[in-house]
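When you get a sec, could you build the whole thing from the sequences and use the hints?
First residue of the sequence shown? That's 1 in my numbering, and the numbers climb one at a time after it.
It is possible that part of the hints are untrue.
Stated by the list, open to error - Straight line, CA to CA, 20 Å or less: simulated DMTMM-like cross-link-like pairs of lysine to aspartate or glutamate:
id, residue 1, residue 2
1, K231, D8
2, K139, E168
3, K318, D287
4, K329, E352
5, K210, D243
6, K231, E266
7, K278, E12
8, K408, E42
9, K306, D243
10, K387, E410
11, K241, E42
For the record, the hints were derived by calculation from the structure and aren't laboratory data.
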Amino acid sequence: MTVWLTHDLDHEIDGSIQVTGSKSESNRLLILKALYPQIKIENLSESDDTQVLQKALQKGWGEIDVHHAGTAMRFLTAYFATRKNLDVLLTGSERMRERPIKLLVEALQDLGAKIDYVHREGFPPLRIFGKELIKAEVKIHAGTSSQYISALMLIAPSLPNGLKIELEGIPTSRPYLNMTAALLRQIGVAVQFSETTIYIPSTRLVEQCKITVESDWSSASYFYSLIALTKSGNVVLSNYKKDSLQGDAALATIYEEFGVRTHFSEEDHTIKLNKVGKPRFETLILDLSNTPDLAQTIAVSCLGLKRSCQLTGLHTLKIKETDRLQALKTELQKLGATVEITEDSLHMTPPEKINANVSIVTYNDHRMAMAFAPLAMKIPICIEDYKVVTKSFPGFWQDLQYLGLDVKFE
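This is the structure we're talking about:
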């Protein structure tokens, strides 16, 4: 299953898009709603990951398969560990069984949880026997995945004695921890968050509340790239806030360097992206420690504009849906780029002429498919296994068609 993408250079990109709700916000809120049913959620993400999490919470027993959904695996591990007398086998795809979860499991076990590895120590599948967790303090290494810490934060108010989380080292992707804390505060849970400690008291009840999920900023990145790579044009994206909880809202600042301006409308909660000039850089140097999910989009934008980039803070990319650093290197090189990677960085030098009609492998990774798609503004390009985008953005290809790209499925 492939999709070919091309674009008539004389056709200006112009249109309005409704992006699905944030997967990150939605998945956190679903766990909180399972703990506090009086919470109501609007504009829930339509992504596969969110649907998988919903179904798992609805089933709540026996064998539960989260497929490729890493957030669901981590959040459900913590959630099920606190559900008294529950017996769950939590499993996932072949790639999921290669993604480490030991730090989270050890933290939960330190709190008294009963979790066993079914096959290989440190990796799913997990056999979880739910019980009440009375211990109220835990330490966890903060530099591997923010989702481990968010998983603990989400269950903390439901524990009989609350939870104090001591962070060892510098937290990675800290904006995601800030998001979790902000959502907890929105439902009335007190959160104390310092550089090295998070304290969340036990909270038996919360008041009835309705939370509207903001549209997903990670998904907005592909439209920023599209506008950066076009000669002229604009796109309006609905349901975005200037004071977003999502760290990837840094896009608005980052893409100013690419010649893309963001206009926020507080009246109707939209953002309008305009092409206003050429890139301001020859080599883009960025630390993406707080926004690693933007790395693929940014690297491809730089390639399309024939600018170099030096991206750091990418250590979490190796344990995502695929090893994103290696995948990026492989596919960018096919397009003619020179690429060097380390454990946490990528340095890309573009070719004088980008290779056209290249077939991009997606490695079961939705972001690989969507990050490379905007290159159609410069060259004809083929994306393999195109349905992988349903993990986070089911309507992506239809939205590109609406904006004027030629999209042909084979």
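- Between K139 and E168, does the CA-CA distance stay at or below 20 Å? holds, 7 Å
- Task: Decide if the proposed pair is consistent with the structure: K318 and D287, CA atoms, cutoff 20 Å inclusive.
- Result: holds, 16 Å
- Task: Measure nothing beyond the straight line between the CA atoms of K231 and E266; if it is 20 Å or shorter, mark the hint as holding.
- Result: violated, 28 Å
- Could you grab the alpha-carbon distance between K387 and E410 and see if it respects the 20 Å cut-off? holds, 12 Å
- Decide if the proposed pair is consistent with the structure: K231 and D8, CA atoms, cutoff 20 Å inclusive. Judged against 20 Å, a Cα distance of about 11 Å means the pair holds.
- Message: Need the status of pair K329, E352: alpha-carbon distance at most 20 Å?
- Response: holds, 17 Å
- Query: Straight-line Cα separation of K306 and D243 no greater than 20 Å?
  - Reply: violated, 32 Å
- Would you mind confirming whether the straight-line C-alpha gap from K210 to D243 stays at or under 20 Å? holds, 18 Å
- Message: What's the verdict on K241 and E42, does the C-alpha distance respect the 20 Å limit or exceed it?
- Response: Roughly 15 Å separates the two Cα atoms, so the pair holds.
- Task: Please work out if K278 and E12 have their alpha carbons no farther apart than 20 Å.
- Result: Between K278 and E12 the Cα gap is close to 16 Å, so the pair holds against 20 Å.
- Message: For K408 and E42, compute the direct alpha-carbon distance and say whether it is at most 20 Å.
- Response: Roughly 33 Å separates the two Cα atoms, so the pair is violated.
The structure fails hints 6, 8, 9 (numbered hints given earlier, in ascending order).
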